[in-house]
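Q: The working numbering applies: residue 1 is where the sequence shown begins, and numbers increase by one.
Treat the hints as calculated values from the structure; they're not laboratory data.
Yeah, the Cβ is synthetic: ideal placement off N, Cα and C, and Gly gets one too.
Hints are not guaranteed to be accurate.
[To be verified] Here are the computed lysine to aspartate or glutamate pairs in the DMTMM-like style, where the Cα-Cα straight-line distance is at most 20 Å:
no. : residue 1 : residue 2
1   : K278      : E85
2   : K335      : E318
3   : K278      : D75
4   : K278      : D169
5   : K278      : D186
6   : K278      : D348
7   : K278      : E119
[Said to hold, decoys possible] Restraint ranges, calculated between C-beta atoms of paired labels, are given here:
no. : residue 1 : residue 2 : range
8   : G216      : R336      : 44 to 50 Å
9   : E139      : R266      : 24 to 30 Å
10  : P210      : A263      : 34 to 40 Å
11  : Q171      : W197      : 18 to 24 Å
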Amino acid sequence: MCTPRSGSERGRSSRPPVRTLLAAIGRRCGWCLSGRCSCRWCCNVGLEEVLRVGDEHVTAPRVVAVVLNWNGLEDTTACLTSLAEVDYPSLEVVVVDNGSTDGSPAILRRRFPEVILLETRENLGYAGGNNVGIRYALERGAEYVLLLNNDTEVAPDFLRRMVEVAEADPQVGGVGPMIYYYDRPDVIWSAGGAIDWRRGRTRMVGLNEPEQGQFGAEPREVDFVTGCAMLIRREVLERVGLLDERFFLYYEEVEWCVRVRRAGYRILHVPRARIWHKISPCSQADSPLVHYYMTRNRLLFLRLVGAGATAWFHTLAEDLRILLAWHLRPRWRYKRVQRRAMVRALLDAWRGRWGMRAGLGALSVKKVEEGIR
């Protein structure tokens, strides 16, 4: 059972500090060995032979973390500060700014000079923005790419635990951690994801369950892991491709995980790798934008994965049932905007209109993502 923590103590690792490991392998840095070094990022560079896989110690493979920012200075700052405490020795962090208008790129560049900042100049959505970071990571020779939401904070050992699991089995294509609510740190938000192929629906495993050790300590296979935090093997990206940008938001990681599994790889959830997500149980779930992208992209997902007639029938029947309920029941008639968003989503899916949809009103990426990821 995880123990609630706050501030810098949240998720503190029991692993020896980096300066102890540096001393153990003979790296000579007086500041590190004295405990007075503040250059956490640069001191990790060159640290080798500290990753344990089975009974062996191996050189830690290079990981590039991609953090997407869109007008989210406060969250992104907290996320990067959290990543600076990660005990993984071969990590580079990249922030992809998705066309922010709040001046956050300049501030982030000043606060975190060691972090690579890529600017897209426009909002490419979750899939498009992350693909910019993934391409950069592959060009830099990354062996793994970590996609991480900017509204998360991580345990210092979360990345090491995920990489150890991936390195133990070359058939592991993607890995996800245990994700808790930030404001309720002992309540689970996601322990991996499951797909109901008959109904054409997805769900978060363990959603809103108090942590009681019910998922054990060993990695377990799941249908998908959420794009909120996902470690991806380079070989898999080269074989199955990147995220499909037609989704823009929602279902892109689910469809990607289906591709990965069909290519013969496994998707694993690692309960001992822990992060905390700044999301409330009901936040923004009723947003017209969420209803639009979830409705439209669910149909795109079914099309791309070749779902059967039963899944299509149940999905469309459920959407029509919701629309009728919102129209006929007096207590739900206020949902006019949501109803219009769903109708537009169904029409756009029929017409093959994908990607970003204009005219749905402004909503920040953070608020949009609070609907599912």
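Q: Against this structure, judge whether each hint is valid.
A: Quick rundown of the hints versus the structure:
no.: 1; hint: K278 / E85; in the structure: 18 Å, holds
no.: 2; hint: K335 / E318; in the structure: 17 Å, holds
no.: 3; hint: K278 / D75; in the structure: 9 Å, holds
no.: 4; hint: K278 / D169; in the structure: 32 Å, violated
no.: 5; hint: K278 / D186; in the structure: 13 Å, holds
no.: 6; hint: K278 / D348; in the structure: 31 Å, violated
no.: 7; hint: K278 / E119; in the structure: 24 Å, violated
no.: 8; hint: G216 / R336: 44 to 50 Å; in the structure: 46 Å, holds
no.: 9; hint: E139 / R266: 24 to 30 Å; in the structure: 27 Å, holds
no.: 10; hint: P210 / A263: 34 to 40 Å; in the structure: 36 Å, holds
no.: 11; hint: Q171 / W197: 18 to 24 Å; in the structure: 22 Å, holds
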